[in-house]
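Chemist: Given the sequences, and given the hints that come with them, work out the whole structure.
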Amino acid sequence: MTAFTNADSGKSARSDDRVEYLLRLADDRLVLGHRLSEWCGHAPILEEDIALANIALDLIGQANLLLGLAAKIESRGRDADGLAYLRDAIDFRNALLVELPKGDFGVTIVRQLFYAVFAMLQAEALQRSTDQDVAGVAAKAVKEFRYHVRHSADWVLKLGAGTTESHARAQNAVNELWPYTGELFLADDVDRAAAESRFGVDPSEFESSWQSTVRDVLARAGLAIPETAYMQRGGRQGRHTEHLGHMLAEMQIVARSHPGASW
Amino acid sequence: MSAADATRDDIFEILDAVKDPEVPVLSVVELGIVRGARVEGNAVTITVTPTYSGCPAMRVIEEDIRSALLSHGFGVIHVETVYAPAWTTDWLSTEAKQKLEAYGIAPPGPAPRDSLVSLTRSPAAAQRLRCPYCHSLETELRSEFGSTACKAIAYCTKCNQPFEVFKAL
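Taken in order, these protein sequences are the chains called A and B. For the first sequence, position 115 (counting from the first letter as 1) is numbered 115 according to the numbering used here, and the numbering increases by one without interruption. For the second sequence, position 7 (counting from the first letter as 1) is numbered 1007 according to the numbering used here, and the numbering increases by one without interruption.
No lab work stands behind these hints, which were simulated from the structure alone. Just so you know, not all the hints are guaranteed correct.
Unchecked claim - Taking CB as the label site, the calculated pair distances span:
hint, chain 1, residue 1, chain 2, residue 2, range
1, A, Ser-262, B, Phe-1012, 28 to 34 angstroms
2, A, Ser-166, B, Cys-1134, 33 to 39 angstroms
3, A, Glu-250, B, Lys-1158, 41 to 47 angstroms
4, A, Asp-49, B, Ala-1102, 28 to 34 angstroms
5, B, Ser-1147, A, Glu-250, 25 to 31 angstroms
6, B, Val-1082, A, Asp-81, 20 to 26 angstroms
7, B, His-1078, A, Gly-162, 51 to 57 angstroms
8, A, Leu-186, B, Cys-1134, 53 to 59 angstroms
9, A, Cys-40, B, Val-1025, 23 to 29 angstroms
10, A, Gly-245, B, Asn-1042, 49 to 55 angstroms
11, B, Val-1025, A, Glu-242, 47 to 53 angstroms
12, B, Phe-1012, A, Arg-215, 48 to 54 angstroms
13, A, Arg-256, B, Glu-1080, 28 to 34 angstroms
14, A, Thr-228, B, Val-1025, 49 to 55 angstroms
Values in this document were obtained by computation on a predicted structure and should not be read as measured data. Glycine is no exception: its CB is placed at the ideal position from the N, C-alpha and C atoms.
Modeler: Listed below in structure tokens is the structure:
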């Protein structure tokens, strides 16, 4: 392991911690971006088909930039595409929340609310990263996530206060996804090292903001938060649900079948 | 002008002929994507910044910048991407906004500055949009996401014409 000195803060963090940290940021975006892209051509209305594809594009674009930064720090000859298409599920560092199947429109929208609020708060904090590239990517991402937050909150309110059917589906989505929200804010040594060197941020720092925003939207939508004690975890350490492997098989098939192909 | 004596302004003038492939009425300079130009001998380094993180036009734009400079005699062209400061629609000039409207895309309002996000449609987006076709203010925002990352979809209830809006970012 190489020692890595952060010239800006004078504090040090191992380069592999930084790569690990960047992979967490990037993989959340890449996996959720792919899940959203599964709606392309299948969304309930044309405007939503376009909206979900646009949000997927923002997420995959951000993932590409972050994987590029990870590849640069890692210096193992891999590029962003290599990291996206040639890693196995066990090497992915996304939270479990984003890899779950897209479900119905209710599941997709409720997950968007949960993730977009988290990602917006995270990006707001990352704008102050001592790493200029991370700060720059975050500054752009903040603007994009504000649109995503508004889009999902708008829809959660509509579904919650809509028909009996839309309310039931939205409530079902909240019940199903809530146990996956705890993992977003679990900090381990990687997060703490990143926060310490001010390369990254400790996600537990913005949990209370997330709770108040999300609870406010759900309350206004007439949706209840399930009483659950157990929160799922493991994605940040590579322990994933079976769903990620299936998703990656589809996402990676072309790159793996035609190594080094270009067009 | 030979490539070696080119100034920053000369380069910007050349790049003002490179149009955004998605919004061909605006050049990459007018859009504010081109952030800088450095000339050393017959080599030139152009700094660009993306509009959106996933903007699929960025690669085409880089290629177009390259070929425009090649055709003006520059031998070595580097296109570097910078992320800070993040691109904002506030960099569009009044003239650029007028061109957008004439092209049928409602120009962006001022970019939101506060860090608070309204949880429903943005106040800026809820502002009366002017129909670029009949100039009526009787319009509705249909979706904050449109045919490209930078556009939203609106509808004019006066002339019954759907139209695009350049999103404030």
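Chemist: So which of the earlier hints does this model not fit?
Modeler: Hints that this structure does not satisfy do not exist here, as all of them hold.
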